[in-house]
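Chemist: Residues per chain, in single letters:
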Amino acid sequence: MTKTRISEMFNKLKETDDKAFIAYMMAGDGGLDKLPYQIKTLEEAGVDLIEIGIPFSDPAADGPVIQRAGIRALNEHVSLRAILKKLTEIKSDINVPYVLMTYYNPVFHYGLETFAEDAAAANVSGLIVPDVPLEEEPELKNALAGTGLAIIRLATLTTTDERLANLVDGAEGFIYAVTVNGVTGKRTGYSEEVYENLARIKEQSNVPVCAGFGITSAEAAETLGEHCDGVIVGSQIVEMFHQKEEKDIKNLIPKKHGERVK
Amino acid sequence: MTETYKYPSAEGKFGEFGGTYVAESLINTLEELKVSYKEAQQDPGFQKEFDYLMREYVGRENPLFYAQRLTEKLGGAKIYLKREDLNHTGAHKINNAVGQGLLTKYMGKTKIIAETGAGQHGVATATIAALLGLECKIFMGAKDAARQELNVFRMELLGAEVVKVEQGTATLKDAVNETMRYWVQHMEDTHYVLGSVLGPHPFPQIVRDFQSIISKEAKAQILKKEGRLPDKVVACIGGGSNAMGMFYNFIEDKDVELIGVEAAGSGIDSGKVAAAINRGSVGIAHGAKMHMLQDESGQLQGTHSISAGLDYPGIGPEHSFLFKTKRASYEYATDEEALNAFQELSRTEGIIPALESSHAIAHVMKIAPELPKDEIIIVSLSGRGDKDVEMVKAELEARK
Chain A
1 MTKTRISEMF NKLKETDDKA FIAYMMAGDG GLDKLPYQIK TLEEAGVDLI EIGIPFSDPA
61 ADGPVIQRAG IRALNEHVSL RAILKKLTEI KSDINVPYVL MTYYNPVFHY GLETFAEDAA
121 AANVSGLIVP DVPLEEEPEL KNALAGTGLA IIRLATLTTT DERLANLVDG AEGFIYAVTV
181 NGVTGKRTGY SEEVYENLAR IKEQSNVPVC AGFGITSAEA AETLGEHCDG VIVGSQIVEM
241 FHQKEEKDIK NLIPKKHGER VK
Chain B
1 MTETYKYPSA EGKFGEFGGT YVAESLINTL EELKVSYKEA QQDPGFQKEF DYLMREYVGR
61 ENPLFYAQRL TEKLGGAKIY LKREDLNHTG AHKINNAVGQ GLLTKYMGKT KIIAETGAGQ
121 HGVATATIAA LLGLECKIFM GAKDAARQEL NVFRMELLGA EVVKVEQGTA TLKDAVNETM
181 RYWVQHMEDT HYVLGSVLGP HPFPQIVRDF QSIISKEAKA QILKKEGRLP DKVVACIGGG
241 SNAMGMFYNF IEDKDVELIG VEAAGSGIDS GKVAAAINRG SVGIAHGAKM HMLQDESGQL
301 QGTHSISAGL DYPGIGPEHS FLFKTKRASY EYATDEEALN AFQELSRTEG IIPALESSHA
361 IAHVMKIAPE LPKDEIIIVS LSGRGDKDVE MVKAELEARK
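As given, the protein sequences belong to chains A and B, one line each in that order. Take the first sequence: its position 260, counting from 1, is numbered 260 in UniProt numbering, and each next residue is one higher. Take the second sequence: its position 216, counting from 1, is numbered 216 in UniProt numbering, and each next residue is one higher.
Hints may contain errors.
To be verified - So the derived label-pair ranges between C-beta atoms look like this: (1) F153(B) / K91(A): 54 to 64 Å; (2) L132(B) / P36(A): 28 to 38 Å; (3) E137(A) / G133(B): 39 to 49 Å; (4) A146(B) / H77(A): 23 to 33 Å; (5) E162(A) / Q41(B): 18 to 28 Å.
If you are wondering where the hints come from, they were derived from the structure by calculation, not from laboratory data. From a predicted model like this one, the values you see are computed outputs, not experimental measurements. Each residue gets a CB set at the ideal place from its N, CA and C atoms; glycine is no exception.
Given these sequences and hints, build the entire structure.
Modeler: This is the structure in structure tokens:
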């Protein structure tokens with residue numbers, strides 16, 4: 001089961017009282033040939049799980065940095081099919097679990113059953129689909145049944161307790177908590193409210209809770225990490241790859257398997 | 001003979017179409033909108049205010065005009081024009097803008113935002129913002145804004161701020177995405193006045209309901225004039241709001257044929273079209289499952305139509321449903337045919353139609369001559385053509 005890799009990763013971190021560092025990258029930004037290098041770079045920097053972004057023409061939940069990366073990837077004619085093919089080729093060289101972050105249409109258009117087979121063959125552990133909320137999940141869930149792919153659900157700070165109960169019921173992999181009400185990209189500072197809500201989500205959830213959206217430094221990652229099971233960094237990493245500053249990605253990670261870097 | 005048509009479902013579905021394909025962060029707001037809209041619908045005070053503005057501000061009811069000279073020239077079916085072009089601001093768009101403007105106040109919000117392509121919906125939204133004293137921001141693709149400078153000025157004149165969207169293809173679909181992004185961050189005091197029967201539930205329903213006044217009036221008018229229902233009802237389709245408004249009160253009348261007319265641009269097989277049903281397939285974008293133009297990897301495609309108001313890659317989910325269930329049929333007209341109809345209606349009836357509506361007229365010109373003289377067609381004249389005159393002049397001169 002591919003999704004068990006996610007829980008194995010969290011269990012291992014738990015042994016050393018550590019938090020997960022999850023990195024988002026846009027597949028095809030700079031060309032698809034760069035994908036193995038990008039994954040290797042993240043792995044060597046100490047990333048615990050990789051979110052592989054699939055480019056989409058209409059990324060309504062993304063801020064400017066990831067939008068631009070998506071357009072660059074589309075200009076390279078990168079498709080979900082080509083990405084899965086590449087991942088299948090290199091899967092034995094990848095030592096961390098990876099999930100796809102994709103809008104629904106590329107998956108739907110692929111054909112849900114075929115996609116499920118191909119993604120499982122590519123050792124993908126799960127899916128984050130920002131435009132498929134709980135209401136629309138059954139179609140996808142049915143198609144993925146038996147493949148071992150987790151559907152990773154999102155929760156927000158304003159998600160009501162009643163809705164949260166439904167979200168955590170049957171949640172797989174981890175809960176992706178959106179810490180700022182908005183789209184992906186840079187933000188400054190977090191309020192007490194953020195921490196209280198993270199605690200609220202964590203309390204209800206029986207899978208790990210990771211927080212994303214807006215982290216740009218190791219300090220922010222560390223602070224936020226204290227209130228959940230892991231942090232997700234996206235725009236900053238995408239921009240570092242684009243600016244050829246990927247050697248600095250490791251500086252965003254506040255620890256390495258229990259040993260604090262700082 | 002008639003069966004009750006009750007869509008969307010509680011989950012916002014029209015059969016398999018529609019739904020709520022949005023980020024988790026929007027769910028609460030859409031839920032709030034759903035609840036408030038339901039309350040407003042049942043509140044006689046809200047309905048009264050809507051009726052008042054429709055009458056005193058928009059200028060309804062507008063006429064159902066018998067186009068006698070066009071009918072005689074084509075030599076077949078009797079043609080009636082539903083004159084949405086006579087509304088304040090010159091198109092059907094104002095019906096929805098008034099409704100959602102009132103809904104904004106009903107919800108206690110003070111700001112509205114909207115996307116616009118050519119600027120018609122932007123102007124309608126800016127208009128209602130001025131009337132109701134709401135703060136207003138309009139998102140417009142930078143390319144569209146450059147093409148429609150006068151409409152940008154119009155919106156500014158009405159007190160709205162026009163935000164030019166540089167992202168993506170810098171056209172309508174990108175303006176939709178950007179409006180969504182802005183909305184997610186400002187939901188507390190801001191309502192998104194979506195302009196067509198598109199987007200996540202409950203928008204397709206809300207917009208349809210406010211636009212359904214078109215067919216409500218047309219039905220009563222034709223019964224009064226002809227003592228019977230029409231044989232065919234025809235409307236142009238971009239996102240599909242005027243068509244949904246024109247169809248809605250006829251859906252249960254199974255003998256009334258409903259015909260939508262998409263934009264075939266440079267030719268239906270030219271690859272330069274905006275015909276989501278005729279040349280697209282089912283997909284998910286902008287919050288709903290619907291027909292849309294997409295490439296082999298599920299990316300939305302660029303569109304082309306001489307008419308900016310039809311230049312959108314998707315079609316409202318309810319149209320997808322009416323198509324799938326064969327309750328409505330979806331035809332198409334090219335740029336050339338629309339230009340021709342634009343001139344024909346101007347000359348025969350003294351009515352300059354919008355290029356959008358000209359697509360519907362073009363289809364009527366194709367079918368009317370073959371139909372018996374006792375058949376009745378109602379066509380939605382969704383807007384007036386003043387906004388298009390300059391462009392049509394350039395197009396016609398280029399053809400000389």
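Chemist: Starting from the hint list further up, note which numbers the structure goes against and sort them upward.
Modeler: 2
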